[in-house]
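Each chain, letter by letter, is given below.
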Amino acid sequence: MASRMRIRAQLKEDYCEVKALMRHPMETGMRKDQSGAAIPANFIEDVQVLHNDAVVVQAYWGAAVSANPFLGVRFKGGAQGDVVKVVWRDNRGDSGSGETTIR
Amino acid sequence: MNKGFVRGIFTVLIGLWSVTLLSDTEGVFDQYREMLGDDNPAIFVIFDGEEIWYAPAGPKSVSLEQCDLGLGPGVVEGAYAQLPRYFPDVDRVQDVEARLEYCMTQLQGLTPAEVHEKPYSLRGDLGTELEALVAWIADQSSGLVIAPGQAHAKERATYALGENLFYYRAGPHDFSCATCHEQTGRRIRLQALPNLTTHPGAAEAYSSWPAYRISQGIVRTMGWRMRDCMRQQRMPELIMGSQASVALQTYLAVNGAGASMAAPGLKR
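Just so you know, the protein sequences line up as chains V and W, in that order.
Take the first sequence: its letter number 38 is residue 1344 in the working numbering, and every next letter is one higher.
Take the second sequence: its letter number 217 is residue 246 in the working numbering, and every next letter is one higher.
Looking at chain V on its own, in the form it has when it is part of the complex (with noise of 0.2 angstroms):
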């Protein structure tokens, strides 16, 4: 359930358009419940885009970004058929992953 993602990819013009709308609660550490109790940090640190197993995108996320998150990332040199994927790894050790062909 955690490892959720819808993904697409798109060619455009020159470039190819990875769309990636990720499940995780994204919890930052600092809210509280109702009872008062804090929630546990929860939340994606590492993004990987891969074009054929190459890293093309990597990014350090933190906990302000939202929950559900989206990224959206354009690279050069992919062509229809070629596999992109995307990986995440959080703070707790998780990961998740999508995988897509190039439209």
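Calculated from the structure, these hints are not laboratory results.
Note that the structure is predicted; figures quoted are calculated from it, not measured.
Please note that the accuracy of each hint is not assured.
[To be verified] Here are some chain W residues pointing at chain V (derived, C-beta under 10 angstroms):
hint: 1; residue: Phe73
hint: 2; residue: Leu151
hint: 3; residue: Leu155
Cβ atoms here follow ideal geometry from the backbone N, Cα and C, with glycine treated the same way.
With chain V fixed as given, assemble chain W onto it according to the hints.
Same frame as chain V, but now just chain W:
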């Protein structure tokens, strides 16, 4: 220099500034929507809702598959667009939440208290089962015409009750729903207020709930929207699935009838 003239200029500038702010804010959010395109985080909640519908639950350990949302037991596609409606088995008009409560108590053996324990998410929650179910059920009516029942006398009475509640001024602020929602082109702070007494206003509002609230990170239902409006008016808590909640939703659904459902929507 003439003081009145200066004050006049100042007022005009402030006026322009507010107008610009409003359009900018709406514009930024439109850009955000455009960037997301067809992607709405509600999709994850919709998947959850579908799983919950088919999963055995409650003391009787049965799923909701035999739940009749108005189009026959188990028929979900198109059901939301025709709610609220009259159900002969309970001799009442029900919205999706009241109907789910009925199915959960009748089919799954839950008590009303259990269903009402926490229908809507509280701060820090990641969504409730009811919210997920409503998201999925509404998604099954996406693109279909809003056509709530108005043939039965009780359905028309429910609309009339909803209209009365809409205009009913009460509470410490002497507020009604109409205070904010019976004029066109108004806003509260920077948020545009729909005129819910007109078809376009009601249609836009009704068709876009349930919705994923970006600021809260969860899907909220139309029932929650009604309850939160009541809270903002400092009224007593609106009970999920209650006659008042169903009546207000009927008033909006009928005013918006004929438009197409576009839920789950995406809101700030």
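**Q.** Proposed interface contact between Leu155(W) and chain V, which counts if any beta carbon pair is under 10 angstroms
**A.** holds, 6 angstroms
Q: May I ask you to test the interface hint for Phe73(W) with respect to chain V, counting a Cβ-Cβ separation under 10 angstroms as satisfied?
A: holds, 5 angstroms
Q) Would the stated hint for Leu151(W) survive a check requiring a Cβ distance to chain V of less than 10 angstroms? A) holds, 5 angstroms
Going down the numbered hints, you'll see the structure goes against none, and every one checks out.
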